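**Student:** Letter by letter, the chains look like this.
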Amino acid sequence: MSRGLLVSYAVLTLVLFGAPLVLDAYWVDVLNSVGLYALLALSLNIILGDAGLFNMGHAAFYAVGAYTTAILNTRLGLPTLWALPVSGLVAALFAALVARPVIHLRGDYLLIVTIGLGEIVRIALVNDVFGLTGGSNGLFGIARPTLFGLKIRRPHEFFYLIWAFVALTVFLFHRLEQSRFGRALNYLREDPVAAEGSGVNTGRYRLLAFALGAAWAGMTGNLYAAKMTIISPESFSFWESVLLFLIVILGGSGSIPGVLLGAFLVVGLPELFRGFASARMLVFGLVMMVLMVFRTQGLLPLRTVRFKKSDLQRAKAAP
Amino acid sequence: MEHFFQQLTNGLAVGGIYALIALGYTMVYGVMKLINFAHGDLFTYGAYLGMTLLTSFFLQDRLGLVAGLVLLAVMVMGLVALIGAVLERAVYRPLRDSPRLSAVVSALGASIFLQNALMLLYGARVHVYPEDLLPQATVNVLGLEVPLMRIVVVLASVVMMAVLYLFVQKTKIGTAIRAAAIDQGAARLMGIDVNRVILLVFLIGPALGGAAGLLVGLYYGQVSFTMGWLYGMKAFTAAILGGIGNIPGAMVGGLLLGVIEALGAAYLSLAWKDALSFLVLIFILIVRPTGLLGERVADKV
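Residue numbers (my numbering), protein chains in the order written: chain G, 1 to 319; chain S, 1 to 301.
No lab work stands behind these hints, which were simulated from the structure alone.
Since this is a predicted model, take the numbers as computed values, not measurements.
You may find that some hints are simply not true.
Said to hold, decoys possible - To give a feel for the contact side, a few chain G residues facing chain S, derived at Cβ under 8 Å: (1) VAL102; (2) ASP108; (3) ILE115; (4) GLY116; (5) ILE120; (6) ILE123; (7) VAL242; (8) MET281; (9) MET292; (10) VAL293.
To be verified - So, partial list: chain S residues that the calculated Cβ filter (under 8 Å) puts toward chain G: (11) LEU95; (12) SER98; (13) ARG100; (14) LEU108; (15) TRP272; (16) LEU281.
Where is the CB? At the ideal position from N, CA and C, for every residue including glycine.
The shape of chain S in the complex, shown without the other chains:
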């Protein structure tokens, strides 16, 4: 039973990370109907930027651990958001009215470009985060010894998701985002500046993705320049699982996929762990293509 609960909390931590990345996919898809393949690489940029900032500024020593890490997260999120906005402006905006396929290919090109730029900057080897940053303590939760970092990851992702949810549901700008996702033309007629909404979506999504990258770096301690695509694919699976275009759906889907994967790896087969999430994806698209909480995706032909 101990083993089961350890895997469950591990799954929740990984799932929280998937959910944060999935939010970026689902928001961009909701407003633009585009799979932003470069999103996984923005996540990797978050992880690498976090590493660089950690090792060059030593914020945690100057400001104390908590304040240092919060400031670090804010810096990483801001920088990755900036990359996302540049990407939108330079690559996706000119393609807004072209066929879907060109936008998809362009997104793939952006992904290849970002990934290889990172490789040229940092080299192809695996990099490690500075050790002993966080105390390697465990916390006793209901009689279960859980690593502190795992709790930090779960808490950080839940807080960010809650803030985003409230922002989108309660504020005026959030309402504009939801309106643009339902019908861009009608939103424009209602006086919503859709270009700004899209830019905003490309700031929020990458910021959350970047934060997820930082969390992965802190949680696992090592990063590689190609890790973005596997995380990206799984996060996209999570977004579909929850129903693409649906913000609560991405959160539920992410957490669920993380738990399924952790339990599958523990009890079924570690070697087939990555195949499992793709099987979940195919299964959900066959059985319930709308996802758990989402729109319809199959053509009735």
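Bound-form chain G, shown alone:
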């Protein structure tokens, strides 16, 4: 990680830490949304940015996580935060199960199939599958989370919970980027055939990327359910998946700071122009087209790793 990036993260952390002290409840809540979308987009970034798999049904994994939490909490009384890892696990298992047969499909075909999967999940939720999901009304009465005896219910309390999770995610995903797993994903994004030829088990890594991304989306679903206390299929529509896709692409596919910036711009910025609410999406579509024509790589693209001069010299000097 470069020094500039570290400084940016430090400044961002300080600004965000102080933000709830000066902002009113409405704007804190906007930042909470930004945080949730940042988490979702970071999780999608593993699949779409790192592994290069066009997943436009990410809202399905988010929904599975949120509904797992809601069902466990309202039916079995499991404390909401305890359901966090369970939600992640269930979403990951679900992703591994549904992605297994379609993982080998080429780019845009995977895109269409994941759109289909997302829709099937939404329709299943609306149709009250297994009598557990409450149909189109959804589920309500999800308990507020309790942390060390403190009940989290006001926006600025949620702010610290959500953004602490974002910070942890950013740290972990930066570590992941540098790991063997992260490098393998990048390799198979750039050239799957060469990756396979070099002994990267392409199918398995793709599946793992899906499961990991889904796990994080599932855990974000838990936070969302805890914050809203009501969830319904409406919140997990196709457009939600599109929005996440956009955050990743506009910010800079594969780049963690880019995805964070994307979340701020796509979710936060429209709040500044609430007066033009009806024309908001119009401008949004226009920006997408213009940006793709003039800045294909996104706003903060992933920088390729360069070797330092000293490394080169050391390599030359070595026998």
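Based on the hints, put chain S in the right spot on chain G.
**Tutor:** Positioned in the frame of chain G, the structure of chain S alone reads:
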């Protein structure tokens, strides 16, 4: 049995509409390898333009029903084709050599833009077509009372598909389109102006999509600004079912999907109707990714 045949003819009508939209997807995909997400919205534009022209010019009263409707269809197709061509020129041409993903995102942006422009122009509510336009007659086909409009839809889509098929197979320009779909570079070396072929594809596809929109408006009597994406997704499923990039495939896939959906809704479950076509899509991609008549789509890795 009566019920079954009614559902079958209904499925054929809906399938004809899917097939007309699917042709636009499959032609654009064949030549440019791009999923034109905005195509579903061009279909919606066809439906809305048809409604506006119907209520502002009363062509059916001035020229008689048949001539009026034909002229209406020609106007709608021309206007939607124009929108399609503008879209190609402004949005897709600059992205022709960029990564696939940027073109896909740009197409999504175009879709969002078109959809919301329509919403701002017409408002978000559902609009209805003028009633009593066509006589609410039924026609006796082999002892089965079929609504007239259903027959019009089936006939109109079959005629348009046949014309397109002959155009692509028999004419010189059609041959150029097929050549560009196989290999753009080689087509260019043979003296084919690929830019013009692509422009042509973006005229024909949206024209057929617009016609499909008009037919949906006439068939169901009501239109909404978001209807394009569900029809678009189903038409794309139809294109994949038949084998993407393959023109007869889109026709077969569209009709087949329409029938599967109508029968599924009637005999399995109405609530799961929309999920059924997505299940068909996933199933076909797992079992036979080339579609019924098409190219290979899975990487062997």
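**Student:** Which of the numbered hints above does this structure break?
**Tutor:** The structure breaks none of the hints.
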